[in-house]
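Residue numbers (our numbering), protein chains in the order written: chain A, 1423 to 1741; chain B, -6 to 316; chain C, 21 to 426.
FYI, nobody ran anything at the bench for these hints, they're computed from the structure.
One or more of the hints may lead you astray.
Derived DEER-like restraints, expressed as beta-carbon distance ranges [as the list claims (entries may be wrong)]:
#1 B:Gln304 - C:Met203: 54 to 64 Å
#2 C:His36 - B:Asn218: 46 to 56 Å
#3 B:Asn218 - C:Leu158: 31 to 41 Å
#4 A:Glu1528 - B:Asp48: 53 to 63 Å
#5 A:Thr1607 - B:Glu211: 52 to 62 Å
#6 B:Asp48 - A:Ala1619: 55 to 65 Å
#7 B:Glu211 - C:Gln197: 50 to 60 Å
#8 B:His8 - A:Ala1619: 50 to 60 Å
In this text, all values refer to a predicted model and were calculated from it rather than measured experimentally.
In this text, a Cβ means the ideal position worked out from N, Cα and C, and glycines have one as well.
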Amino acid sequence: MKYSKEFLMKLYTDLVRCRKIEEKMIEMYAAGKFPGHIHSGFGEEAVFTGACATMNPQDWMKQTHRSISSTSLKGVSTKEIFADCMGKKTGTSKGIGGVNHITSRENGLIGLSGSLGCDISIAAGVALALKREGKGGVSYAFFGDGAQNRGPFHEAANLAAVWKLPMIFVCDNNKFAITTPIEKTLPVPNIADRAAAYGMPSRIADGNDVLDVYEKVSELMEYVRAGNGPALIECKTYRMRGHFEGDQVAYRSKEVTDAWAEKDCVERMERRLKEEGVLDDETIARIRAEIDQELDEAERFAEESPEPTVDEIYDGLYA
Amino acid sequence: MKKITYLKALNDALHEEMRQDDKIIVFGEDVAVDGGVFCVTKGLYEEFGADRVMDTPVSESAIVGGGLGAALAGQRPVVEVMYTDFLLCAFNEVFHNVAKWRYLNGGQFEVPLVIRCAEGHSFGAGGEHSNCFASLLMHAPGLKIALPSNPYDAKGLLKTAIRENNPVIFLEHKQLYQQKGEVPEEDYTVPFGQANICREGSDVTIVALSFMVGRALEAAEQLHNMGIEAEVIDPRTVAPLDMDTIYASVKKTKRLLVLEEGNLTCGVGAEIASRAQAEVFDYLDAPVARIAALDVPVPYNLTLEAYAIPQTNQVVEAVQAMM
Amino acid sequence: MAVNVVMPKAGLTMTHGTIGEWIKQEGDRVEKGEVILNIENEKTTIEVVSPHEGILHITSEAGEEYPISETIALLAESDEEYRALCAAAAPKEEAPAAPAQSDAPAAGSAPAPARPAPRMEGGRIKASPNARRVAHGLGVDLALVAGTGPGGRIVERDVHEFLKNPPAAPAASVSRQPTRVPMTSMRRTIARRMVESLRDKAQVTASVEIDVSELVALHDKLRAAAEVIGTKITYTDLFARMMVPVLKKHPYANSGLEGDDILLYPNLNLSIAVSVDNGLQVPVIRDVQDMSLVEVSQAIKGISRKARDGKLAASDLEGGTFTITNVGMFPIDFGTPIINGNQSTILGLGRIIKKPAVMENGEIAVRSMMTIFLTFDHQVYDGAEACGLMQDIKELAEHPERLLAQ
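All chains, please: the whole structure from these sequences, using the hints.
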């Protein structure tokens, strides 16, 4: 596929921003700046960057709990992301929802449900609404390999398929559901194999290659945008860190993790773009520095932001 | 005014509202082509087409979750879960998602979703097709819950539910579908959070829910013949719950009895009794009484089923014991 | 709006008080600050003044005990309001103006409260919250109300029923049933102390008859000179003064007990038994050892007046080391007095009566004789000591001039 320089630069910038957001979150969490837990998506950024690069403004998205950086791809500023993580009033959920409830109604980012997988039928409902609106919007539902075993994934896939809803199921298969490896919970070789049971076309992408993800999702989106019904893509990647920050992953082999590090999606993209003459070291450094500054400002903004007060505890319960 | 069934009143509400707002869509099991197993959605498919009235697979998660998603993205879905009992197949979606989506996401979203269910005993329907558990739903902050006891309230409350921008669980009682009552021809609504005093009295306040309102009124008539005047109150919605009307009544009568078809333990009556003793303690001449279903799953055998759910004479005896 | 008159808290640890005597009566118009009744706590009698002007409507029973802060009467602003208060309340039964003069239950004069109210374990009246609220507002004493509600509890209609048809005094049963007179707080206190004293001390009484002819002569002389010396000397005064040197010689008779330790009191704080209207008070005169006969006399007079007027303070009743009780005026010769407080001895004085006596020279003469009797605590000292003590009193009483030398 031939891509324009602008497209590649944007793709790369988005990828690096996601990476730096993930890194910054690990750093801030370790410094005790976030209550609760975070689930780092370090290493899996290509899955979301590649998929979101296929989006139009009228598309909606349900993110998942990992790679919170993906919300930056759907219109949420890094200031808001960090404010949400810190439980501040300036976050998208005003301090009430936390890291798992970063949303933007105006940008079509609906959030997720902490009981993972049960929210996939919600994404199907969004698809129903988009179909009725008739503006060509598609509902993107991101979920992990663990969540796809929950009943509602299957119910949503079934419903979307029989109703031919404009929906794309994007599975971020990082091979681990907390401590349980995929081999122990999947009776078929690929999650993508399940699509056939629902009459959906599917693809398998290299989750560590942002362009491969982009291309495969684009192929499926042609099908979906034509009104044929839903499709499913499985992006194979690896969960580089623990399920949550602090998880020592004693149940995994360090060698395997190190091997995956060789395939890091950011390094690969940089190498490729340098080879193709799209990027040079200077540009890379500039992009990185700009993002660093953006994130430092965002961190400061979040830290200086006020917390919600107890008087506001009932706000937002009812319209 | 015309005298129509509870069922027709609901059906009229759906037709009338769908004519007014194109965003209202209806889906659930067997609701479209068949018009619903209880016939509540009859005629909608014919009038509004497959674009707005849809049959789903047997998939409560898809119905409830799908309804929520559609609501978040701008539609106004009125979905049906055939039996209240099946709502529990998607209880996660109801309790965590439908109820909480607005609050957890900083108030960004509105959830104009109505989930209609049929509840209550049905002469041998058994332990998984006869449940009443408004109290389980009351426990989730963020939901609104309506339980009409007559055709007038059924139509008025359903219209309010559909026009609400908050999620509503609309509990219809199977044994009320064929009940006839006067309903105005013109458009009207019944507000949420406003109890109805069905019968005035000075000796005891009986708060009753849904189908049990009828039994409360029967009991009141029998008590009247014994010289005891009962005031019967139908809350109509348990979220929001109009306690002020109940407090004012208890201040007058000095006695309170709560009657419901759900199980006794942790039922709606437990909540009402607790609030009443806290607020109007000094006006009580007797402890607050609760009459509810026995703490067993509803039995299949008809005699046992009748025994398990509250009967009118139990209410009469309980009131006499309070005098 | 009617103003409440409540049981006052008139002592640091006072939790209840008993209605004593209504100084103002039902229907009287009272001024703010006027004394309207007396109440008693376990120590003493207290005057209660009106908190406001108004027409008095009494809602409590004389002789009954009420907790502090409970309403015992109402003050109506106007005749109209007063009538309304009365209309709400039943015409009260004739409550006794003051508790009975003697300890014996006076048949019929003190109508017994019927006590029909249902009670729970522990004595709390079984009434619904609503009934309590209504009763309080109408000034009805729940203790008098019978209950017909569930579980026999008093409900609102019972309160209204009580007001419409107050229970009649049980007439037919009076002749068969004893009249029940509840104890006043003073009576209860006396009763408790007497029983405790007898329970905790090994009390023995001994007596001796003494020839008080000389003492009578001295007494009469001092009486004649009352204006000169400034007070009327009494026999109690004389014996009180006599105890000073006697107890110096018998310190164990001026003592108390603490566990296994005998406490020898350094001073003579004399407890004098005084008969008062409602019972008995035993006020204390401190440091009699430092007083002259006149001072002792004046002190005893002062404290006795205070006792009879019901004006004793708590401190007037504390700290006694030795008690004298003069029962001669009743008149009786002999008694077995009960030791008072944390003391070891009580001295009783009988009547003075002229009797024939055999003199030293064998002649019979008419002499004034008095029996003195002493109860002592055998835990502290023995008969020999007691007898020695009594001998010394006898000697001094029979030779009163020796007082000058002491």
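Results of checking the hints against the structure:
no.: 1; hint: B:Gln304 - C:Met203: 54 to 64 Å; in the structure: 56 Å, holds
no.: 2; hint: C:His36 - B:Asn218: 46 to 56 Å; in the structure: 50 Å, holds
no.: 3; hint: B:Asn218 - C:Leu158: 31 to 41 Å; in the structure: 32 Å, holds
no.: 4; hint: A:Glu1528 - B:Asp48: 53 to 63 Å; in the structure: 33 Å, violated
no.: 5; hint: A:Thr1607 - B:Glu211: 52 to 62 Å; in the structure: 56 Å, holds
no.: 6; hint: B:Asp48 - A:Ala1619: 55 to 65 Å; in the structure: 21 Å, violated
no.: 7; hint: B:Glu211 - C:Gln197: 50 to 60 Å; in the structure: 52 Å, holds
no.: 8; hint: B:His8 - A:Ala1619: 50 to 60 Å; in the structure: 38 Å, violated
Checked against the numbered hints above, the structure violates hints 4, 6, 8; every other hint is satisfied.
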